Amino acid sequence: MGRITMIHVEGLTKLFGDFVAVNDLSFSVRAGEVLGLVGPNGAGKTTTLRCLAGIIPPTRGTVHICGSDLARDPIAAKRQLAFFNDEPRLFDYLTVEQHLAFTARIYQVEHYRPLADQLLLEFELTEKRNALPGELSRGMKQKLVIACGLLHSPTVIYFDEPLTGLDPLGIRRMKDSILNRARAGAAMIISSHLLHLVQEICTHILILKNGRKVIGGTLEEITRKFSELHGDASLEEIFFRATSESGAPAPPPPPVSIEDQEPL
Amino acid sequence: MRAPGMISALLYLQYHSFRNRLISRVARLKQPKYLVGAIAGGIYFYFYFFRYLFRRGGVWGQGLSPRYELLVELLGALVLFVIVLLAWLIPHERAALTFTEAEVAFLFPAPISRRALIHFKLMRSQVRIFFTILFLTLLTRRSGGNAWTHAIGWWLIFSTLSLHFLGSSFARTMLLDRGISNRMRRLMVFLFVLALAGFVTVWAKRTLPKLNASDLSDLNSIADYAQRVLNSGPALYLLYPFRLVARPYLAGDAGAFLNALGPALLILLLHYAWVVRSNVAFEEASVEASQKLAAKLAAARAGNWQGVKTLRKGKRPLFKLAVTGPPATALFWKNLISAGQAFTFRIWVTIVILAVAIYAGLGTNSHSRDLFSGLAILIGILLGWSLLIGPQIVRQDLRQDLPLADVLKMYPMRGWQVVLGEVLAPVAILAGAQWLLVLFGAAFLLHARGMSEGPLPLAIAFSAILLLPMLDLLLLLIPNAAVLLFPAWIQAGREGPRGIEATGQRLILVLGQLLVFAVTLLPAAAVSAAVFFVIKLALGAAIAVALPPAAVAAAVILAVEAGLGVMLLGRLFERFDLSAELNP
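Protein chains in written order, with my numbering: chain A, 40 to 303; chain B, 280 to 863.
Check before you lean on any hint, since a few could be wrong.
Heads up, simulated BS3-like pairs for lysine-lysine below, C-alpha to C-alpha not over 30 Å straight-line [as the list claims (entries may be wrong)]: (1) LYS248/A <-> LYS214/A; (2) LYS264/A <-> LYS248/A; (3) LYS180/A <-> LYS400/B; (4) LYS167/A <-> LYS180/A; (5) LYS252/A <-> LYS264/A; (6) LYS252/A <-> LYS214/A; (7) LYS167/A <-> LYS214/A; (8) LYS400/B <-> LYS167/A; (9) LYS180/A <-> LYS214/A; (10) LYS248/A <-> LYS167/A; (11) LYS599/B <-> LYS167/A; (12) LYS180/A <-> LYS594/B.
The hints are simulated quantities; they were obtained by calculation from the structure and are not laboratory data.
Note that the coordinates shown come from a computational prediction; the quantities given were computed from them, not determined experimentally.
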């Protein structure tokens, strides 16, 4: 199970007019692997994920999900997929329960009720089953999106900033949930600026800059490679060296003096 | 922060917000879709409004007839009185100056006094009032009068009302702070109005000549009587301040305008003093209001008008969604829930019961035949309107879901399945309403023409029932195709494209839709006409016999066209590049 290639990307390129958002990106993610997609703002992480989810068509290149070509056989590919955006995207007029019923029909999940109840319980939404999204906090909306996404037991999961809006307990549960699903054989890609999260749960790292792959490989490989060149290197240090021109940290802020302030 | 510095900062914000908005409006004219829209909108506005600005005529143009001058002033004052009264009667919230979330974030924590915030709000409202005045002046200019006095008159009316609303909201908050509940306040205002109305009525009965039939014999007599009532006794004093506010707008010449200007300005200044001297804590309610406003703007910006309305509780689905079956049904089910109150069994059953009750009640009347003929004609007109306007009103389809197109694109569904699922709900809602109308129309027609002529109304009803859903489907496919082909043109919502260019875009779209619909009707019309004439002329059958087969033929052609349309739109949806169209 651990050796099956679940996501295979070859020469992925996305152009917006003349602007190259993603440039000739190739990589694979196998079952049980968690790939951390990192890079500075505008590096092309979200665009890459949106191409991999079939939301936007790539300009060039191919994406295979569990062996199905996303462009040629989108239905088979999408049945295996779940994509969790950083911003929860829900239908304002459907209740929590109706969202689950709707998703079950879309993905043809027979006998979804026990699973839905379990997910509601896991994400502490049981008491909110009749609530509309407008009545939920941002974190709860995020949990509902995740519950809907997990209802069809996807084997390929993408997260775009998965911890946004979650409370500490939610963050802990989310991390556990990601790791458990990876252990169960799912392939995952996580795009995040939280390098400690990436370091904690990802098995592989892909650093992007200006749409191009700068570094890719397992966390150990990358750390070892950088350590050989620059001494002991944390993921943060690797990120800065890989993505900034100088690698120099930002200058310190000017000192603040209470005495300088004009009284109100 | 010192007051002048603060005011200049707020003016800076106001000026640059306006300037940047204007620049971006002009800059987007580089895009052909906005340029074409601007040209079309410009032509429309010129022919509807602006050409009246350049027409020859006296400086004051055509004024009101002297006979009606006073009456119009009195009625205008009465309208203002009612508006002010409602401002004291209806609202129940605490005073909340509506700021955007960004303004709350920047201004509320800043060292800015409450009074300065009120001034900022007043400045903002002046910008809104300016554009309202511009529009109203152009509109009223069509019927003559001096544009400048009209503009200043409108400004006085709107500014005074705006200040009054603000002042009354402050007063309401102060009353609430002193333990006087909304119910108590409303009761007091209601009793005040009741006492006033009673006073005016008693006075009118005692002093005015009794109202008799001659006072209501024609429009002039009614106007004279109303003028007598409103221009004497307590009504005279009660409406006097409101008349002062309305008078500059209605002034017939320069002298009258200048005479009216002073008192109206004085009332405006008194309102201003009232508002800026009120020291009411509005911040907490304003923060809440700004969040609601932000949510509504986000919903509107996303084209989701359901979201603009505050949804309080979930709607019960019309039917239970089975887990297996075509996935398109899930979208149909979802959009019916979105339609909410418009499509619940309870409402439809209530309509049917009401209509049957009316029908039964009228049926016993011996003079009801003409009435039923009239009602049948009315239903025919309504059906025509439902085809024209219905698809614009019932929008639970891709027009609603376009902002969530990324979610839809992730579903394991073919494009045609998504499109079919999306348009089914509005088709069902429109067809349901139309079928009801057809059934009642047929019943009315049968009653009016007698049962002996039964076959023709029944043939018409059968044909309509067959054709209407197909026509609805085709009509709904056109705007949904426009959404996928020109999403930037369709963007709905308050924050969508506005201005002359947006008006022009809408005009072009409506004309385009009508043209496409006419073209799609041609094959069906040709085939059904051929079938009809073959049966009628060649076989010598009656119209009632020839009509249903012709309708069936037309329905088949329309169904084929609709099917092809769904497939085509499905392909468009699959190729729809969200990144290029919605997030450039």
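Here is how each hint holds up against the structure:
Pair hint LYS248/A plus LYS214/A holds up; C-alpha atoms about 26 Å apart against a cutoff of 30 Å. Distance check on the hinted pair: LYS264/A and LYS248/A sit about 19 Å apart at the alpha-carbon level, within 30 Å; holds. For the hint linking LYS180/A to LYS400/B, the alpha-carbon distance of about 34 Å lies beyond 30 Å, and the restraint is violated. A C-alpha spacing of about 11 Å is found between LYS167/A and LYS180/A, which places the hinted pair at or below 30 Å, so the restraint holds.
For the suggested pair LYS252/A and LYS264/A, the alpha carbons sit about 16 Å apart, so the restraint of at most 30 Å is met. Straight-line distance between C-alpha atoms of LYS252/A and LYS214/A comes to about 26 Å, which keeps the hinted pair within the 30 Å bound. Distance hint between LYS167/A and LYS214/A is fulfilled; the C-alpha atoms sit about 23 Å from each other, no more than 30 Å. A threshold of 30 Å between alpha carbons decides the hint, and for LYS400/B with LYS167/A the separation of about 38 Å lies outside it, so the pair is violated.
Restraint check: the Cα-Cα separation between LYS180/A and LYS214/A comes to about 17 Å, which is no more than 30 Å; the hinted pair holds. Proposed proximity of LYS248/A and LYS167/A is contradicted: the alpha carbons are some 41 Å apart, above 30 Å. Of the pairs offered as hints, the one joining LYS599/B and LYS167/A holds, with about 20 Å between alpha carbons and a cut-off of 30 Å not exceeded. This hinted pair checks out: LYS180/A and LYS594/B have alpha carbons roughly 19 Å apart, not beyond 30 Å.
Hint compliance for this structure: hints 3, 8, 10 are broken, all remaining hints hold.
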